[in-house]
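Residue numbers (my numbering), protein chains in the order written: chain F, 165 to 503; chain Z, 165 to 503; chain U, 165 to 503; chain B, 165 to 503.
Warning: the hint list may mix true and false statements.
One copy or two, it doesn't matter: identical chains are merged, so the pair holds either way.
As the list claims (entries may be wrong) - DSS-like mimics (lysine-lysine), calculated; alpha carbons at most 25 Å apart, straight line:
(1) Lys207 / Lys423
(2) Lys168 / Lys190
(3) Lys205 / Lys352
(4) Lys352 / Lys207
(5) Lys190 / Lys305
(6) Lys459 / Lys427
(7) Lys168 / Lys305
(8) Lys270 / Lys459
(9) Lys459 / Lys383
Calculated directly from the structure, the hints in this document are not laboratory data. The structure presented is a predicted model; accordingly, all values stated were derived computationally and were not measured.
Number of protein chains: 4
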Amino acid sequence: MEQKIKVCIFGPTGYTGGVLISALIKHPFVKIASLVSSSHKGKTFGEVFAPFRNSSLAEFILTDSPSESFDVAFLCTPHEVSLDLVPKLIASGVRVIDLSGAYRLKDPSLYPEFYGFSHSFPDLLEMSVYGLSELFRRELKAAKLVANPGCYPTATLLALAPLLNLIDSEPIIVDALSGISGAGRTPKQSFHFPEIYSNAFAYSVLWHRHRPEIELIAKSLSGREINLRFTPQVIPISRGMMVKVYLRLNLQNPFELFKDFYKNEPFVKVISRPPEISEVIDTNICVIYPFFDEKTRITQVIAVIDNLGKGASLQAVQNMNIMFNIEETTSLELPGRFI
Amino acid sequence: MEQKIKVCIFGPTGYTGGVLISALIKHPFVKIASLVSSSHKGKTFGEVFAPFRNSSLAEFILTDSPSESFDVAFLCTPHEVSLDLVPKLIASGVRVIDLSGAYRLKDPSLYPEFYGFSHSFPDLLEMSVYGLSELFRRELKAAKLVANPGCYPTATLLALAPLLNLIDSEPIIVDALSGISGAGRTPKQSFHFPEIYSNAFAYSVLWHRHRPEIELIAKSLSGREINLRFTPQVIPISRGMMVKVYLRLNLQNPFELFKDFYKNEPFVKVISRPPEISEVIDTNICVIYPFFDEKTRITQVIAVIDNLGKGASLQAVQNMNIMFNIEETTSLELPGRFI
Amino acid sequence: MEQKIKVCIFGPTGYTGGVLISALIKHPFVKIASLVSSSHKGKTFGEVFAPFRNSSLAEFILTDSPSESFDVAFLCTPHEVSLDLVPKLIASGVRVIDLSGAYRLKDPSLYPEFYGFSHSFPDLLEMSVYGLSELFRRELKAAKLVANPGCYPTATLLALAPLLNLIDSEPIIVDALSGISGAGRTPKQSFHFPEIYSNAFAYSVLWHRHRPEIELIAKSLSGREINLRFTPQVIPISRGMMVKVYLRLNLQNPFELFKDFYKNEPFVKVISRPPEISEVIDTNICVIYPFFDEKTRITQVIAVIDNLGKGASLQAVQNMNIMFNIEETTSLELPGRFI
Amino acid sequence: MEQKIKVCIFGPTGYTGGVLISALIKHPFVKIASLVSSSHKGKTFGEVFAPFRNSSLAEFILTDSPSESFDVAFLCTPHEVSLDLVPKLIASGVRVIDLSGAYRLKDPSLYPEFYGFSHSFPDLLEMSVYGLSELFRRELKAAKLVANPGCYPTATLLALAPLLNLIDSEPIIVDALSGISGAGRTPKQSFHFPEIYSNAFAYSVLWHRHRPEIELIAKSLSGREINLRFTPQVIPISRGMMVKVYLRLNLQNPFELFKDFYKNEPFVKVISRPPEISEVIDTNICVIYPFFDEKTRITQVIAVIDNLGKGASLQAVQNMNIMFNIEETTSLELPGRFI
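Here chain F stands alone, though its shape is the one from the complex (with noise of 0.2 Å):
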């Protein structure tokens, strides 16, 4: 490339922020322009994340607004503020990449059940690309908007795409295990080291606003009602998630259909044993178990993934390369966590 992307960043200073800024920091097309945060306004990145101290961001200040031109945003900000900030940035003519649920939900009426606000922008959620980048790849690349998937819905999504054609209207069911930062850099007592490091617990077992991002970009792949029973869960690491799908489907050899479908993905690997969260830690990898049990006749697929990485900020650049037509695993090549 001759020129590089201009970058800005707004809410740089939670965990999806920091992968974020750990891969794009490495990416040799790169370059970044602003890190926006109101709340940590003035002060320098090293003083908010420990482990950039040490790093060549080190004493990059933050600020409120951006400092200077840029070609695309990411926003690691919470829902509301990206709902506000999105259209902003759209009419300024930069393109943006939310890692936030504001625009993924294609249907406007879920957000009052789901996020507890009206979406003012119905446009903008139609216009919105849905950042799952082995699925929407050809929409990606004009992209202007891309909502950027959530890490359940990632693992899901991938578990279930080679199987979207021969699912018939039963419930599919969905257990999944996620690592502690999928709640976020905001203490919580639930979250507090004694509380949670020999404990785990499903949680919004009924209301879950992964569960309709799920179903809407699954039936809108298959032209099918999809119904799921998803059941989330913590376990005390701090990265990783495994998603389990249980299907009433009579399919012999789910290991064939599922390595043809992915056989020309770099991040998706197809395995014939379970897979383990170690392996994809730091990395935009999602490793996929499909087998068959004749005993039952159930189709099951294990997958995982890093939720901070294919889960969220690594998919992110993933998304950033198709968009601006570069080789889609620069700065991504990762050999992933060593212990």
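Knowing the structure of chain F, use the given hints to seat chains Z, U and B on it.
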């Protein structure tokens, strides 16, 4: 009681042995007569287990055969060792509570596949009482040989029992999380601290010996063929277990059904929110959350236990209390682990 | 005892309150009369603390003032709250065990620097007995107001006590590790699970309020000025503390000296190998390893305690037992946490 | 560089091997020629290490001798294996970086006591260069055999180096914390997850082979006899190390001294607050906090490193860069682990 029950523990130096002894030390009607361990013969118990270095058993000498007569033997030995030990003990007239799987599967033909040995004592297998206290209390009172249940079966069967009469022929999905202590005290590569502390994985997804154990007991209780899709997983906690059961069962109010079913049980709590694993550590309690999802018409049950508590050693004490006609909660009135 | 001791606990919803109550529930001579908590007034204790949901106090209602008369108050309240509460309680004729630091520093002039407030009750400060049971047992018997020691001071002073007569004017180096529960139950950024679970750090290295506490008590015992270089650190465990004391003291056999000094103490174990933190969790025991390094001629002492056990709440129970002339080990005969 | 450096790694399947390979994979001037492992001969690297299953080396076949010629060998082998391997490699004309302790102690008479073998190659020992990059950079440029330092010595010597000219004959106290990976990848009872995850302990307090390593190097730098009181401890983290050094040294402003001493060093950061272990994980950086305590007149230094980074494998890469006249930071510009 006039006289204390004399107890001999075989295999006291593993995790089930340790938890068992922790409870028996405090039991007002028990005298620990012998600790039998061929591998640690001649050592003191305190030498073998750091937490017991300061206990009343610190100087207790391990022997390779019982050092005095006893009324009941607890077997915390490997399956193969229990297999051969039980006939001798029964022949000698003592009662036996076996924590291994050697006498759990009423169908001896399953042993070669699931335990790697042919069962040489079908009569004793026939005679053994399955030690899930709440479900087999009557049989336990007079039992000579108790096959103490596995951890996954304990939680799963307590979660299923109130529903067994309502179940049709559909497979039941059981997705279960276990702490690492379930894998025993012998060091293994997978459970070496640096490899597991940020990790989680499913294992034995198509073949786990607890699956037929659950299926056989459920069948014996319901009279119906029961078919499980069983996915055990390990998460990086030391103790604790969470089981999630999914059934296609149109049951509007499972909460009331469960409340009623367990209304007199001191160790089963039925609640109306997702339980936390931390609620039950160091206790003999199973906390159960049954609910119905209108949208998918699936009945779901989430149950948590301490895999070494209700899932193993404390249930063994509960069974001993039943067998010896002692108040069932004796030495099990634990407030639970406070962080 | 003919009549039970009626106990009122102020501030029962933090970690020290929780561990205290765990022990008092089992205490044969105690009746918990009131749990006073202004912030949780009207809630049940089980609502506030998951591990107590299944205990006998699950339905106990928290009140904002004592709901009935009592003999002794335990204060698990912040320093400032204890400061003002103690005079009122003493005036009302009850005995008080204060787990805060409000009445620990006999020199009131230190309070502004180390606690941020002027001490308004120097007479009560004068009257208070420092609750390090092994060192002040005689004074504790008749004490009206007990200032229960801090966790670092408990372990450090037990490690120093046998040496105090031998110490010259050289500074003593105290390097100490604490579990996260020492920082309390209120969520903090530093102790949010993802930030601390792979981390450790020193803090307050030049200013920690436990330093003058140790120095003053050591001086009162030895008659000499004691000067500490004190470096507290947090490590990612929930409970537990390890203190290492380094002295330039030419003492060939500290083991015998310590053995003799603590020969009648049920809660102090002197050993000849490095202790493990896991040996003492859930106990009131301090394990001490004193040794002499010929090469450097340094005498070193390593001591471990449970920071919430001997370092706080269980020592408070020990003190109550002493004050009320009960067998000192009552309700403290814990086998310790087995993994 | 015109031609890539061809590298052979002996013992690639342990933790030091893994971290080394993670860095070498990304190194622009390195070609990994062979991975030599007798125990895993014939397997692919991905089979042996889960995190490498998705890397470019996933299918690389391990061999029991080098599969092609090479310029430099990294030895991640046990001490005894390195001892015998080094002479053969040196004789064959390649350069060697040995991560074991086999060639670190210039005084061969120490080997029987601290390593359990007599050193059979005193000439090579004499010839070896101690690979603490910042202190022996000049010698490293032409080194044929580099004895890569131990983790404790790296952190301790970097913390001591600026003070060595000021030190008198008093013993120096070194109190150090290490993550579990320092004990290697082979499973051990002490580091089985349930035994260590809530534990910490000191070990080898009177005998640790890193003590003479530090003393000898410090003596070679200062010309004075150096005497350490060295207390290594393990804490339940996977990676990371914190060393605290205590000296009786009347030095009012150690910060400026350290700042100046390390002013041109890219991998040593001198700061004026206690460092966190999390600042340096996955980096080659040592963060040092030197300070003076007026009250006790003790100079103290706190240093943190990644025991597998600067403490082992990344320093080995730094040394290779120096030896081959490559920009020293090549492949080591890591932003560090973000949670």
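Hint check:
1. In the homo-oligomer, the alpha carbons of Lys207 and Lys423 lie at most 25 Å apart only across protomers (23 Å), although the nearest pairing inside one protomer, at 48 Å, exceeds that limit.
2. For the identical chains of this complex, Lys168 and Lys190 are neighbours both inside a copy (13 Å) and across copies (22 Å), given an alpha-carbon limit of 25 Å.
3. For a Cα distance limit of 25 Å, the shortest separation of Lys205 from Lys352 qualifies both inside one copy, at 23 Å, and across copies, at 21 Å.
4. In this homomeric assembly, Lys352 and Lys207 come within 25 Å of each other (Cα to Cα) both inside a single copy, at 24 Å, and across copies, at 20 Å.
5. Taking the shortest alpha-carbon separations for Lys190 and Lys305, only the intra-copy value of 22 Å comes in at or below 25 Å, while the best inter-copy value is 29 Å.
6. Taking CA atoms no more than 25 Å apart as the test, Lys459 paired with Lys427 passes in neither setting, with 29 Å inside one copy and 35 Å between copies.
7. In this homomeric assembly, Lys168 and Lys305 come within 25 Å of each other (Cα to Cα) only inside a single copy, at 18 Å, whereas the closest approach across copies is 37 Å.
8. With identical chains, the CA atoms of Lys270 and Lys459 are at most 25 Å apart between copies only, with a shortest distance of 20 Å across copies and 39 Å within one.
9. In this assembly of identical chains, Lys459 and Lys383 lie within 25 Å of each other by CA distance solely across copies; the values are 16 Å between and 29 Å within a copy.
The structure does not agree with numbered hint 6 stated previously, though it agrees with all others.
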